[in-house]
Each structure stands twice: as structure tokens, then as C-alpha cells.
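There are 2 protein chains.
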Amino acid sequence: MRFSQLFTKTSKNVPADETAKNAKLLIQAGFVHKEMAGVYTFLPLGLKVLNNIANIVREEIDAIGGQEVLMPALQLKAHYETTGRWSDEVVDDWFKTKLVNGTELGLGFSHEEDLTPLIKNFITSYKDLPIAVYQVQTKFRNELRSKSGLMRGREFLMKDMYSFALTQAQHDEFYLKSQAAYTNVFKRLGIGESTFMTFASGGSFSKYSHEYQTLSAAGEDTLYLSRAKGIAINKEVYTDEVLAELGIERASLEEVKGIEVGNIFSLSTKFSEPFKLTTNDEMGEPMTIIMGCYGIGISRLMGTIAELLSDDKGLIWPENIAPAKVYLARLGDSPEVVKQADELYNRLTTANISVLYDDRNARPGQKFADADLMGIPQRVVVSDKTVQTQTYELKARTSQEATNVSLEDLLKTLGD
Amino acid sequence: MRFSQLFTKTSKNVPADETAKNAKLLIQAGFVHKEMAGVYTFLPLGLKVLNNIANIVREEIDAIGGQEVLMPALQLKAHYETTGRWSDEVVDDWFKTKLVNGTELGLGFSHEEDLTPLIKNFITSYKDLPIAVYQVQTKFRNELRSKSGLMRGREFLMKDMYSFALTQAQHDEFYLKSQAAYTNVFKRLGIGESTFMTFASGGSFSKYSHEYQTLSAAGEDTLYLSRAKGIAINKEVYTDEVLAELGIERASLEEVKGIEVGNIFSLSTKFSEPFKLTTNDEMGEPMTIIMGCYGIGISRLMGTIAELLSDDKGLIWPENIAPAKVYLARLGDSPEVVKQADELYNRLTTANISVLYDDRNARPGQKFADADLMGIPQRVVVSDKTVQTQTYELKARTSQEATNVSLEDLLKTLGD
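From first to last, the protein sequence lines are chains A and B.
Per my numbering, the very first residue in the first sequence carries number 7; after that it's consecutive.
Per my numbering, the very first residue in the second sequence carries number 7; after that it's consecutive.
Worth double-checking, as some hints may not be accurate.
One copy or two, it doesn't matter: identical chains are merged, so the pair holds either way.
Restricting the straight-line Cα-Cα distance to at most 20 Å, the calculated cross-link-like pairs of lysine to aspartate or glutamate (DMTMM-like) are [said to hold, decoys possible]:
no., residue 1, residue 2
1, 15, 134
2, 276, 87
3, 391, 414
4, 373, 134
5, 83, 23
6, 331, 317
7, 391, 365
8, 153, 227
9, 104, 94
10, 102, 149
11, 193, 325
12, 183, 65
13, 83, 95
14, 83, 94
15, 126, 87
16, 153, 24
17, 133, 365
18, 373, 407
19, 235, 261
20, 126, 23
21, 40, 110
22, 153, 41
Read the hints as simulated data drawn from the structure, not as lab findings.
Just chain A, with the same shape it has in the complex (with noise of 0.2 Å):
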């Protein structure tokens, strides 16, 4: 896309009450519109990153065979009576809403409640289990505060799962498998030795269940972290009797700050049991199915690499989810260098390399500063320089240096 023709500019200012990095860093690059606390409109370059990590999990989803389906944010109030999680004293962060004629609706936090009633008009017979339910969807909840920016919205946008086995064996396995998924997607995101999967509380249905913490000073939660194991404790299962089961030395711990990227939590029969979720078994014996959910907060991560991946001149995005891989910035107006530009624009749109062509009359200093501050991973100069000498100048956002290089040897750079 041309800088020119985008409607959204860098900016260096901030609303006054905006007080988390990730967001006052992407505000200024035009990523994102603060419209109240918790919650951002995402503006087309923050929309090419948003949906770039969301295709990630899916993909990691897809393929331990997550089937994907989308879910409304307007909740019965019966399938929460159910449960009894309808009142506020239960759950303190509902939306709650009104039909015309009076009828109450929640906004969902989570969709237990909505896919557990659904999955019965589903389930037939053992021989349909196990099953794994998904969807990317808007989420609402009520915080009291929210000042951390894309890290803890009102609304958000959400990547939540959930299973469904016949024996616990069958669960257990998923479980497995998804924990191997939720690793690819961290280190893919490019903040997987930043990671830790981290023992919390289970609830009253389990022991432990299983955050994914990222390490980061803006992190809300206190862990307790053992890099030799790769793994962590939460403060609210910090006990005695826990680190003797993990098998893990109270010295041998770092406190750290997380933030949860994303958790996965053995449900047992919670909600199937109310909901008379059940089928027979091979033998004709009644089961209550066993269930689990699997959250992965798509916008959070967004924010958590905003935080994580950014240094004193801006973001730096990993390739795989920037708005555009290469930074093309156009010095001068010269015929020359505008020709030469505009064909190294096409070229590599068509070959299917994104390019951000920084067309603006603006001068050098801000154009770099723009690349910089809009993370994108490289960097090429078109000057009256370069076009005198055939070459174009080539800097990879994390490196301190350009070269000046051939096309043949740009292209092979950029095309890999």
C-alpha cells in the first residue's frame, strides 16, 4: 500500500489518561484508536496485525483439529441461571443488556453457557467424541479498571476453545495436544522463550490449571518462575505442597511478572452436568461428557508484543504478523528515483511481498523515523544515491547498519 493514500498518519501524541507502553506505542503509529479505557477501534495497519496473529492460532488450531464456528455476544439469561452464573455477585464483570419488551441479556465473557446447550443438538452417540469447538470472537467484560492498554480490554477479541470427551483418557489427550499447539503459537508470535507455561489454580473441578505467562514488567500476575524447567507457579497455588509435586526447590525460583497470554482449564463435568450433557458409552453406560476450554486473547497478544518486541525508536514486529515486510521509502522526486521506486513497488507486490511504499514529499529524517516507529522488519532506500550507484539501501529494522546492495541480492533477501 502507498503511505499516501492510507488515511491514518504517525502521530506524537497520546491521550493524557493513556498510561500503558503497548498502547501509547501504537497509538502513535497509527495502529490503533483509544475510544475509552479497554477499548480501541483497530485501524487498517493495527487490523493487518491483528488479523495476521489470529490466522497464526488458527492455523495451530486447525491442526490438532479445533473446528471453527462464531458465537453472539447476546447471551440467554436462562443458560446462565443454569449454571448459576447469571447474577453479578457471581461473575463481577458482566455487561448485562435488554430486549424491548424487557427480556435481560448478558454480553458474553466466556461461552460456556452458549456452546454446551448447542453441542446436545450435536452428540448422538460416543462415536461423535471426542469434539473441539472454537471461535475468534468479540468479547465484553466489565472491568472496574482497565489501564494496561490492549492487555486488559473490555472488549477484546478472544480465541476461545472448548472440548469435549467421552473419558478422561480422551481429554487428557487433547489437553496434551493443545498445550503443544498454544506453544507453536507463542513462538511463532516470536515471544516463545519469553513464554512459560504456568501452574494456577484449577478451580473446584481440578488441580492446576495451565496459564501461558509471557515475562514482562507490565505484567499483572506474580509467578514464580524456574527457567531450568521452563515452567512457572502462579502466587495462588504458591505453596509447599505444590512445588513438592512439581518437584521444584523453593530456592531455585525467580518472582517474576506475567502477563497471561493464555490459559487452558480441565472443566470436567461443570457445565455438561447441568446442562445434561451426556451420551452412552460403547457398553450402553450413561457418561457425562468432559470438558475443557482453551483461551488464547488474540488483541492481548498484540499488545504483549507491542510491550515486549519494541525498543526507544518504536515497535518491531516479527514478520510473520507486521502490517508489510518491507519499509519502502522513496528520498526526493527526482524522475529517476520515483521510476525506479514505483517499479521496485511492483515488482515486489507482485511477487507477493508486502511493501508499505513511503510515497509522502516528507522529509528523510521523518520517514525513517515512521519506519522505525511503525516496526516494519525492513527497510529499503530509493535516493538519487542509489539510483547513481544501481544499488538500494537495505536495513533490517533490528540492525543498526545498512548496506547497499544489488536488486538481484535484495530480492533474494526479501523474497525468502
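Given chain A's structure and the hints, the job is docking chain B onto it.
Showing chain B alone in chain A's frame:
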């Protein structure tokens, strides 16, 4: 995808309160699930259709320069007080909600009040115009009644675009482009011949708006159609004056019912004025920016297509939005049949031809009925008989007769 692994099933049952043909068919085929009147979950095959429709709309809107964003559902009261649209007496289909601290919020029914103040941040010169911004986003409208299935949702997916222009001429130019884009969209979706640009009320700021109405007995709008001119007039502006202006004889018109699948509106300065969205023109004169809005109901289109393109056996999807191009029915489970069907499935999938592979243990009649109900464009049968004759049985959803063809001819037919 393999049918045996898909969690949805076809069904003869529909909810007792569902009266709309489109929803009945989509529910029976396992494409959607009804949550409540006007609120549906999109199941895996239904979500594919929905996404295919949305992507065709995106392509046509991108081609005229639309830039995609994603705005939130949660809306600030202050913005709607600025335009006088907060009151339930002015806008009668609001869903409202509240933050924990009591702050009132709305759920977006349209996004002029959200985007207009946002865009102020980015317009610093007349050179920034024209701009067109769109989203494919979930809208909430608190309809008193919602009995038309996916054609009148309380929560539904919409493409809404907003244009910003310096002058009336600039606005008109984009308005015409959008009309051409809309025509392309409906043509590509297979309802071009039944969809007519319709003159409708323009509100307080322009004489007409332009609706796109698809003819259907299930439509809620009454129109007067001139087949000769290829346009229609909405009942609300059906006056002698309008007929004279459009040069149409009353006698030449048919009274028909239509489903409003899209609309385009000149907003003039209705929103830019209260939000003080202005810029200076080339001569330094302050100009209030001229806006337009452009809607297409994505989920409504899915309902409309189901309503129109269907017969007594079920749905009939156009190939470019079908959830799969081929329904591969394997009859029997002899090793030769399984081998040949598996091989064909892999071959088509590798060639990027989407296949719904019916590998279930089900009777041929069930498989054929499901293929028809789901409306997959091409049906291929592999059976003992086809294995013996070294052929494949091929039938289009729209044809009565199956033919036996060689592998080469099969691939030729399916591959183009």
C-alpha cells in the same frame, strides 16, 4: 474436510418459533444454530459461507479504495448526544449497557458517531481527502420483532463504509464508484439479476438514498420496479413528482417485495457539522467535510441467498461462496472404494479444490439428500460400480442427471 469429523449434522427438525425459510434451511443443513429470535451462531460450514461473502465484499470495496478498520461495539454516550441520537425516542432500536461505575454505553447500531470524531485526528489538509473507511463488524439492533431469520438480525454482521470528501463533486465521484462496486458484489454473489438499485428516502440532507433490493416474496419492503430501466422505487418515495423526475410511467411499474441487501446514503454535513469535522481547501477557505455511508448486510445476504437460491431439496450455493466446491460421496466401504475415494479426496485437496468428503457409514439415500440439502455445487460418487468401470459419477447440484466421467474429465470439470 471429512464429514465424519465434522461435529454438525443435518437434521429434519427446526425450532418451533422459526418461520423463515432461509433460517429453516440453514438450520436443517447444520449451517447455523438459533440462539434466540434474530441471533444465530454460525457453525463451521455456515461460517465458511459467511466469510466467503465477506471476502467478496472486501475485494470490491478495496478495489475502490476502501480502507478496512475494526471499530468497537461499545459506544460513548457523549458522541450520540452530540448528534442527538442517544435518546431511545430518536433511535428506537438501541441496546444500552453500563460500566461498573454506572457510565452508560450503547452497542453500535451504526458507526457515524464513532468514526467522525476519530477521523478528525487524521485530516490536517484538503490533500488528505477523499477517504473511504469501512469495517466488517457485528452490529446490534434491538428490533421489536425479528421473524425473518438471518434477514433481520438483532446481532448481525455488516459491512459499513463511510466516505469523507472535500467537495460535492469529490463526494459524487466516490458515490458513483460505490454503486458500481455494489453491482459487482451482487453479481458475484449470484443474485445480480434479482437485485435492483432502488430510489428511497434520502433523509433530511439529500433527495434520495439508493437501496439495493433483492426481489423476494419474503422481503419486507414494497417496491415499484421498472424492469425496462432496471431500477425500482421504494414505496416511501413513490409519488408523481418522483416518477416525473425519473421519467417513469406509473403504468410500466410492477409492485414487488424486496429484501434490502445494501444501501448508500449521502450524509452531506449531518455528522461532520456537529463534530466540527472541517479542513481548509486549496484557497484556505474552511470547508465542512461531506460524508456518505454505504452498508451491506453480510449475514442478511447469506439469508437472502438461502431464501432465493434453494429448491425443495435444499440450498443451492453459488460456487464462489459455497462451503466446499465438491461433495464427495463414498458409497460402501470395500477396500477399493475407500482407496479410490481417499485418493481423489487427497488429489482435489492438494489442488486447492475444497471438498466435503462424506466418508460416513450412511446409506446412499442419506448422503445424496445431505449433498442436496447442503447445496454443494458438485457431487462426485465413488462406489463399487464406478470402481469397476474406472469412472466417477458427477452431478451438478443444479442438474437432474448424473454422468459417468473419466478421472481426466472429472479433474477438468472441477479444476476450472
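Now the hints, each set against the structure:
Taking the shortest alpha-carbon separations for residue 15 and residue 134, only the inter-copy value of 10 Å comes in at or below 20 Å, while the best intra-copy value is 52 Å. In this assembly of identical chains, residue 276 and residue 87 lie within 20 Å of each other by CA distance solely inside one copy; the values are 14 Å within and 44 Å between copies. With identical chains, the CA atoms of residue 391 and residue 414 are at most 20 Å apart within one copy only, with a shortest distance of 18 Å there and 56 Å across copies. Proximity of residue 373 to residue 134 under the C-alpha cut-off of 20 Å is restricted to the inter-copy arrangement: shortest distance 18 Å between copies versus 57 Å within a copy.
Taking the closest pair of Cα atoms, residue 83 and residue 23 come within 20 Å of each other only across two copies (19 Å); inside a single copy the shortest separation is 35 Å, beyond that limit. Taking identical chains as interchangeable, the C-alpha atoms of residue 331 and residue 317 lie at most 20 Å apart only when both belong to the same chain, with a minimum of 18 Å there against 48 Å between chains. With identical chains, the CA atoms of residue 391 and residue 365 are at most 20 Å apart within one copy only, with a shortest distance of 17 Å there and 64 Å across copies. In this assembly of identical chains, the alpha carbons of residue 153 and residue 227 lie at most 20 Å apart only when taken from the same copy (14 Å versus 47 Å across copies).
When the C-alpha separation of residue 104 and residue 94 is checked against a cutoff of 20 Å, the pair qualifies both within a copy, at 15 Å, and between copies, at 13 Å. For the homomeric pair residue 102 and residue 149, the shortest alpha-carbon distances inside one copy (13 Å) and between copies (17 Å) are both at most 20 Å. In this assembly of identical chains, residue 193 and residue 325 lie within 20 Å of each other by CA distance solely inside one copy; the values are 13 Å within and 37 Å between copies. Proximity of residue 183 to residue 65 under the C-alpha cut-off of 20 Å is restricted to the intra-copy arrangement: shortest distance 14 Å within a copy versus 36 Å between copies.
Within a single copy, residue 83 and residue 95 get their C-alpha atoms as close as 15 Å, which meets the 20 Å cut-off; across copies the closest is 26 Å, which misses it. Taking the shortest Cα distances, residue 83 and residue 94 sit within 20 Å of each other inside one copy (12 Å), while across copies they are farther apart (23 Å). In this assembly of identical chains, residue 126 and residue 87 lie within 20 Å of each other by CA distance solely inside one copy; the values are 18 Å within and 45 Å between copies. In this assembly of identical chains, the alpha carbons of residue 153 and residue 24 lie at most 20 Å apart only when taken from the same copy (7 Å versus 44 Å across copies).
For the identical chains of this complex, residue 133 and residue 365 are inter-copy neighbours only, at 14 Å across copies versus 59 Å inside a copy, given an alpha-carbon limit of 20 Å. Taking identical chains as interchangeable, the C-alpha atoms of residue 373 and residue 407 lie at most 20 Å apart only when both belong to the same chain, with a minimum of 16 Å there against 63 Å between chains. In this assembly of identical chains, residue 235 and residue 261 lie within 20 Å of each other by CA distance solely inside one copy; the values are 15 Å within and 75 Å between copies. Taking the shortest Cα distances, residue 126 and residue 23 sit within 20 Å of each other only across copies (19 Å), while inside one copy they are farther apart (46 Å).
Only between protomers do residue 40 and residue 110 lie at most 20 Å apart by alpha-carbon distance; the minimum there is 18 Å, versus 29 Å within a single protomer. For the identical chains of this complex, residue 153 and residue 41 are intra-copy neighbours only, at 13 Å inside a copy versus 34 Å across copies, given an alpha-carbon limit of 20 Å.
Checked against the numbered hints listed earlier, the structure breaks none of them; every hint is satisfied.
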